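S.K.: Heads up: the protein sequence lines correspond to chains A and B, in order.
Its first residue numbered 1, the first sequence is counted upward by one per residue in our numbering.
Its first residue numbered 272, the second sequence is counted upward by one per residue in our numbering.
In short, the hints are calculated from the structure, not lab data.
Quick caveat, the model's predicted, so the values are computed rather than measured.
Note that the Cβ used here is the ideal one computed from N, Cα and C, for glycine as well.
Hints should not be assumed to be uniformly reliable.
Cβ-to-Cβ under 7 Å is the rule here; a few derived chain A residues that face chain B [said to hold, decoys possible]:
#1 Thr-29
#2 Leu-33
#3 Asn-41
#4 Arg-116
#5 Ser-117
With a cut-off of at most 20 Å between alpha-carbon atoms, the simulated SDA-like pairs for lysine to any residue come out as follows [unchecked claim]:
#6 B:Lys-623 <-> B:Asp-586
#7 B:Lys-623 <-> B:Ser-663
#8 B:Lys-452 <-> B:Glu-440
#9 A:Lys-182 <-> B:Asp-292
#10 B:Lys-547 <-> B:Gln-562
#11 A:Lys-182 <-> B:Trp-291
#12 A:Lys-36 <-> A:Glu-109
#13 B:Lys-413 <-> A:Arg-37
#14 B:Lys-618 <-> B:Ser-592
#15 A:Lys-36 <-> A:Ile-123
#16 A:Lys-36 <-> B:Lys-413
#17 B:Lys-618 <-> B:Leu-657
#18 A:Lys-182 <-> B:Ala-288
#19 A:Lys-36 <-> B:Pro-369
#20 B:Lys-413 <-> A:Gly-45
#21 A:Lys-182 <-> A:Glu-264
#22 B:Lys-413 <-> A:Tyr-114
#23 B:Lys-452 <-> B:Ile-480
#24 A:Lys-36 <-> B:Arg-374
#25 B:Lys-458 <-> B:Arg-356
#26 A:Lys-182 <-> B:His-289
#27 B:Lys-413 <-> A:Arg-116
#28 B:Lys-328 <-> B:Lys-547
#29 A:Lys-182 <-> B:Ser-286
#30 B:Lys-618 <-> B:Gly-660
#31 B:Lys-413 <-> A:Ala-108
#32 B:Lys-413 <-> A:Ala-44
Chain A is nowhere near these chain B residues, computed Cβ spacing over 12 Å in every case [what the hints assert, rightly or not]:
#33 Glu-352
#34 Tyr-378
#35 Val-399
#36 Gly-418
#37 Ala-459
#38 Tyr-475
#39 Leu-509
#40 Lys-547
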Amino acid sequence: MAANLAQRFARNAVAGAVEPFKILFTQRTLLRLLIKRDIVNRTAGTILGGVWVLAQPALQMLAFWFLLDFVLKVKFPGQVPFLNYFLIGMVPWVLIAEVLGRSMTVLAEFSPLYRRSVFPLSILPVIPLLLAGLIYGTVFMITAAVLEGLLSALFAVGVVAALLVWLLPFCYLLAVIGLFVKDIAQVFPFVLTMAMYLTPILYMPEMLPEQFRGFLALNPFADIVALIHAVLQGQPFTAGQWVRPLLLWGLCLAPAWVLFRRTEPHMREAL
Amino acid sequence: MSAIVLRQAGKQYVSYAHEWDRLWEVLTRRPRHRSFQALSDINLMVPHGQVLGIVGKNGAGKSTLLKLMAGTLLPSAGSVEVNGRVAALLELGSGFHPEMTGRENVYLTGAIMGLTQAEIDRLYPEIVAFAGIGEFIDQPVKTYSSGMFVRLAFAVATCVEPDILIIDEALSVGDGAFARKSFERIKAIRDHGKTILFCSHSLYQVEAICNRVIWIDQGRVRVDGEPAAVVTAYNNFLAGEASASPDAATGVAAMTALPVHGTARLTGVVATVGGKNGSPLELETGRSDLQITTCFDSDPALPCPSVALAFLGEDQRIVTSAGTHNDGLTLARDPLGRGEVSVIFSKFPLLKGNYWLSVYLLGEDGVHVYDQAFAAVELRVSQRGLEQGLVSLPRRWLQPAGVGADRDRQQSL
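So that you can see chain A by itself, here it is in the shape it has in the complex (with noise of 0.2 Å):
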């Protein structure tokens, strides 16, 4: 019996992983049409047009240097640089807020183009994430590039990959809550702005009395954005910041990807 639940659980945490890469390849005709257009909207209208998507990013970099390295002149106890901590930890983070707070919005989003037509319902989830990556990907490489040097640049790129994929399962979770219950999704961008604070973007985790220091590992994100410094910037980071963000990975995979199949019939039909 338990063994028959974690063989199911095992095979479907496997799909989970596997399913998304398969849709990314069959449909990609149609991804690259609906990417390419939201990307497009974004910037209707504009002289500059596509410019905007990456001009937008920088300027707030730009704001974000001129207040803390320039009128504030803030100073950390490491070796590393305020300015560049901050920014490391800021772009991937903004990446992160992005990815999840439209995938609770992405199903009603597309509702016109699958509400009464044939459509693959499962490339939905994966829209969010392949639009943040293509435009945070670029920021964050354009910034690791400057702050760290060049070779950082390729870094940077195998971090935003990596982040794309433990996104994954959270994607589709969102996106089927977001549909349901719609009361998650009015209160969700408070919940993302309270994990900002929770998560050492702004100070260093050093900084936090010591009492407070134990409740950092209860946050996913503050071992994520630890282990962009560690690859970064060679700040320290502890076994538990590789192994925690895994397993709840692996542990959201399955339930994921099945409460999609099981309530993708419903989508349709639900308002």
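Please arrange chain B on chain A, whose structure you already have, making use of the hints.
M.R.: Below, chain B alone, put in the same frame as chain A:
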């Protein structure tokens, strides 16, 4: 292998008080819904190359059946098997992304149907030419009129060379010229041996293009068979339901002065008996000569329309009909597209009772309806004799020669 096989297929629609009840039910598998059985126990086998018409009243389950076959709904019981590429026109412009341009939507729909970029590239010019929406093809489809929407949707669905085409009432949308063009296109697809599923309230169209018709009533197949037989059975059923007699006032009032670009309309229907015209008209069986003159206005760019008329009884059933297309007459008209045709029914053969005359202006193929004057003229028929029924048939009585020499005259009516 059949194009479509349904085995004991059924569809139950469920509704929930809240969307999260739906999620809860999926998670716990405990029912939290109210349900409505739209279709039950449908067994249907559609061979390749068949044109299947579906008739039935509103809410009978026609659209649900089409959606099951198109794959936009999953059956809640039984199985649905579809072999081949399906193109479905179920609802106006469904499946289009409103923010995308017409061009992008063509590629999007093609990609959803499994075509490669190269295949869509090849079909694209034909699709744009058929839809005929000109430079709007590069505008977002949310700016389209409903006519442009349906034209593009129709062009995509029929140009991607589907094996199975599913159409739900789509032919009634769009202007006259496009409706004609789309009807031609459907006939061409039929002639290429493709499978077509067609649902319409226009029994005339159903009978004209289908080679099999099923009548759906209360979620079940009530009759399945030859178009003529099923349409007749369905018509009889409708006649049984209609209790009120037709209202003569609704007919000709609809003939307003509108430009006739891309279409045609009736401009006048006059029925004359013995120098009198109007409605109601008094007639006498076997004695009155009824003349009906129909005037129409049409777009000169279109082929000349044809005219048909039908006599309805008290119960709205068609007693008899006549049409220029059916009788092999091609109408003539002036260069502006105006025309007139008269038909004479001498020695009016219908027996006593009240009848209504409906006049239809049809495409040159006698199928697409441009305009109609429903129950435009009321006919009040009286008779001298005691014949019973609806019609007096022309007849001769004969007796063997030599029996009763003083009565050897033949009477003919």
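S.K.: Check the structure against each numbered hint from earlier and tell me which ones fail, lowest number first.
M.R.: 28, 34
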